[in-house]
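Take a look at the letters that make up each chain.
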Amino acid sequence: MSLVHKSATALLSEMQSGSVSSTEVCTAFLDQIDAHDEKIGAFLRVDRESVLAKAADVDSRRSAGGALGLLAGLPVAVKDLLCTKGQPTTCASKMLEEFVPTYDATVIEKLDSADAIVIGKTNMDEFAMGGSTENSALGQTKNPWDTSRVPGGSSGGAAACVAAKMAPLSLGSDTGGSIRQPASFCGVTGLKPTYGRVSRYGLVAFASSLDQIGPLASSVEDTALLLQAIAGSDERDATCAPNEVPEYTATVAKPLEGLKLGIVKEHFAEGLDSEVGDCVTAAIDVYKALGASVVDIELPHSKYGIATYYIIAPSEASGNLARYDGAHYGYRTSDTSPVEGEGPLVTMYRRSRSEALGPEVKRRIMLGTYALSAGYYDAYYVKALKVRRLIRQDYDAAFEKVDFLVGPVSPTAAFGIGELSDDPLSMYLGDLYTVTTNLAGVAGLSVPCGFTKSGLPVGLQLQARPFDEERLLRAGHMYQSATDWHTKTPTV
Amino acid sequence: MSIEFETIIGLEVHVQLATESKLFCRCSTKFGSPPNTQTCPVCTGSPGALPVMNRHAFDLSLKTAVALNCEIPKFTKWDRKQYYYPDLPKGYQISQFDLPMSQHGYLEISDSKDRFETKKVGITRAHLEEDAGKSMHDEAAGKADSRIDLNRTGTPLLEIVSEPDMRSPLEARAYLDELKLLLTYINVSDCNMQEGSLRVDANVNLHLQTDDGKVATPIVEVKNMNSFRAVERALAYEVDRQLAHWKKTGEKIGDVPKQTRGWDDSAEVTKAQRSKEESSDYRYFPDPDLVPITTTDEQVAKVRDSLCELPAALRSRLVKEQSITPYDAGVIVNQGRAVVDYFLEVAEGCGDGKQASNWVQRDVLKNLKENEQTIDQFGMSATSLAALVKSVKAGDLDNSRAGEVFEYMLANGKDVVASMAALGIEKVDDSALDDLCRELLAANPKVVADVQGGNQKAIGALIGQAKKKNPNVSPNDIRGKCLAMIAEMS
Amino acid sequence: MLDRETVEKVALLARLKLSDEELATMTDQLGKIVGYIDQLSELDTDNVEPMAHAVELSNVFKSDEARPSLDREAALSNAPKKDDECYRVPAVLGE
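Chains as they are written, first to last, in my numbering: chain W, 1 to 492; chain E, 493 to 982; chain H, 983 to 1077.
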């Protein structure tokens, strides 16, 4: 088996035993990127030299017998909205094309202290707004299983690079499904941790109360490995929880006894593609065969999830993205011609933002600005916060009865590039099964569970109680021990 | 046409809290550093950076709220106030909107000259917020740019909003004086207006009594006042201007949008300021990056118990316990707690509050002012001064030479006894005084005759002579003794 | 209810400038989205507390210690326009 087809966990132990070096591992993945990324477009930037320099450093420290971190020598791809000091962080936007952060995100520091090597920055929907990576201003990432189709989004590059074996581990972010849905579309494993499990410091914000950084990998075991490295409290993020970090890697392979699963009835209603539904149903049967008991669960307010999400997320985004006005960083218009009845400063603001932000970003800024504006605040924003509470209460009630909720990640498998780009509302409705996880702040895992007739991957979603990632990962691993969907690779 | 009217004034005061670091990051709050040398990813709103609340800033605001008799809600939160301005790099200011950290308090104001009756000015609310940066228009080189310095961005401010309870510019001034005094007493701010640690905006209008009943003029917000004196003058100007404007136009509240006027200190007028490009719609919403703050009754009680004696209480105590006038108590308390403590030590040491007050105000404060010193730097201990006052009271030191002794003590760091000895001051006993007076009268028959002729003032000529012969004699003693001797002669 | 005039007003608030064509598209698309969102009004939420945070934390503070700031060169490194000391922006009016 070539190095790139091995799991991160396997590569790590081989490096530890000395049978392979980090330089060899990194070179293998870099070669894979060179060979295939022109076609896939998962990466926005790869700096071969600095990757190899870091790999050589890990190798020399290893041979010197020094203490090494948890991920020593392993390459990790990073979504291009995680700030990397001295390295561009673009959010796939023309606005930040030239932006070079002056600091590292907490997760980047954690990767660093784990001796992981950032292999490159991955493509995404602009400012993480979208579900197809079609909203990137810097290029279209393609689905490795079918390059006429989208990889999902917003962490499209993050999922595609793992699927195409261009990185063993990858960091994405999930605001309404942005890790789980591309993981599902690309046939890889992706985890949205509980809100507050991973520090957001240095994650360029889309919707602060929903955003969460999480790992993508080829298996649950590798996912646990990356989560282990990035989880934990951070004095620089007030919303990052002080909860202790369990030993995910130590327990992930231990099966759970007396597993109780809840099938979210609403997630099998009209709108679900029947092939996707069949794969998910078969996956639930696998759990039954493993001894799980399965009951139907209602999340009565989940049908309001999209409406609630598309008030809260754009509202927060309208504030978070106000800073992109051409004054202190990012793009500024070069057009200084005056506009009648408008001061030069306002003209600069409006032109800079209009020229450098893409249509989906503008649409959400407009929606959020409208929802927060005088006269609408109570009817939209406050109303949405109340429904959010009802959604959370649904989850709390469900988790009284079952350990995990199971269902599909997305109503369909990957759709064609350009297929939905003129119809924002239809695109939004694709987030139906994932947004409530973020609204409630619970954890969600996507694992590959089959393919459609046309060979597109389908994902199974497992949702867990807040801070119950340890058991969630074990439940995911149980499934992967009994199936081999996650081992399938596309022929790129 | 004279018309009866009432002036209605409310004040918004922004106070910079005395913290080392900014409200949500760890940049220094030091004043006067070179532009853009006190910023970091958090306070410049760099993408991805997150705020974390400064505990000390909250503690200071809690202390202030308790001192202002405010209600402290159990739950308070942070909101984003959104507007675009280049000194606000995030595009929003982190502030508090619907659930401020305190509300419904009051501050009592009074006038030692009784120009208005003592009253409680309501405090609507006091809330925390971050300061913005500074924008400077660059006139050099004819460039049409503004230059932005973000050093100040994120500095903790407490915005204290009063009820429209003040009825004259004088009351407004008294409120500001009292508020500043309170804030400096409890060490929450240095209140330095020159450095922008205290800023005042005033809302003012008039309630006129007309034949058709009560009419209110449009409320005007006055800004750009860089001293309390400027506030008083700007408000006085505004009262005249609004009255004249009403007489001319009859414009009343609601007829025009709320106006903002800036005080021009050199021209001594307020001028209309350009309003923002569109009517403000700040789109406040809870800041998702910050978590709420809860406060318990026990916490508030603890703050209340640990609060020092506040200026108002201190003034009444000085009047009551030291028998000084409210005016004198005001002067001393206004100097700050250290001077009060000095005064109290002198008063207790000499057993005479009135005299202690005179000495502290006349000699100590004058000296401090001349030498630009604070009381801690003053070269005479309260005990030494008390001993001096005591000597004068006991008659061991004549008042006429007490000033000289004070100067000597201060200059040489000696106590009163040593200083008097060094200056050769000793008490003149009665027989020496008799001898001296007899001698003087014998040598000055014309003075004796003048006095006998009814001109008592003639005795003054003898004082100088007496002092020459013995510098320790008291002029009063010489005068009294000589007059008595002349009276006995006839 | 979400007419072109409102959309233009919102665009100014958001400091966006939309072309005529964009305005038409935006008005249409926002109208549809808002129409969908309006389904929330059918829910009775009178006694429900708004939920602004996904994690129930409170009283998270930092200590009041000043630490070194960025040096000026780094602080201004991403500024689209600057001089030796400051960010530069088109003239601020009303000052």
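Watch out, some of these pointers could steer you wrong.
[What the hints assert, rightly or not] Partial list, derived from the structure: chain W residues whose beta carbon lies under 8 angstroms from chain E:
no.: 1; residue: Ser13
no.: 2; residue: Gln16
no.: 3; residue: Val100
no.: 4; residue: Arg236
no.: 5; residue: Arg323
no.: 6; residue: Tyr428
[Said to hold, decoys possible] Below, in silico cross-link-like pairs of lysine-lysine (BS3-like), each with a Cα-Cα straight-line distance of 27 angstroms or less:
no.: 7; chain 1: E; residue 1: Lys906; chain 2: E; residue 2: Lys959
no.: 8; chain 1: H; residue 1: Lys1064; chain 2: W; residue 2: Lys85
no.: 9; chain 1: H; residue 1: Lys991; chain 2: E; residue 2: Lys750
no.: 10; chain 1: E; residue 1: Lys706; chain 2: H; residue 2: Lys1064
no.: 11; chain 1: H; residue 1: Lys1044; chain 2: E; residue 2: Lys626
no.: 12; chain 1: W; residue 1: Lys303; chain 2: H; residue 2: Lys1014
no.: 13; chain 1: E; residue 1: Lys573; chain 2: E; residue 2: Lys715
no.: 14; chain 1: E; residue 1: Lys522; chain 2: H; residue 2: Lys991
no.: 15; chain 1: H; residue 1: Lys1044; chain 2: E; residue 2: Lys522
Because the hints were derived from the structure by calculation, they are not lab data. All residues carry an ideal CB built from backbone N, CA and C; glycine is no exception.
Here is how each hint holds up against the structure:
1. Ser13: Violated. Min distance 34 angstroms.
2. Gln16: With a minimum Cβ separation of about 33 angstroms from chain E (threshold 8 angstroms), the hint on Gln16(W) is violated.
3. Val100: Hint on Val100(W): violated, closest Cβ of chain E at ~11 angstroms, above 8 angstroms.
4. Arg236: holds, 6 angstroms
5. Arg323: holds, 5 angstroms
6. Tyr428: This hint is violated: Tyr428(W) lies away from chain E, its Cβ roughly 21 angstroms from the closest one there, beyond 8 angstroms.
7. Lys906(E) <-> Lys959(E): holds, 25 angstroms
8. Lys1064(H) <-> Lys85(W): Since the Cα atoms of Lys1064(H) and Lys85(W) sit roughly 21 angstroms apart, the hinted pair holds (cutoff 27 angstroms).
9. Lys991(H) <-> Lys750(E): holds, 21 angstroms
10. Lys706(E) <-> Lys1064(H): violated, 55 angstroms
11. Lys1044(H) <-> Lys626(E): Given pair Lys1044(H), Lys626(E) holds - Cα atoms ~26 angstroms apart, limit 27 angstroms.
12. Lys303(W) <-> Lys1014(H): holds, 17 angstroms
13. Lys573(E) <-> Lys715(E): holds, 20 angstroms
14. Lys522(E) <-> Lys991(H): Cα-Cα ~41 angstroms, so violated.
15. Lys1044(H) <-> Lys522(E): holds, 18 angstroms
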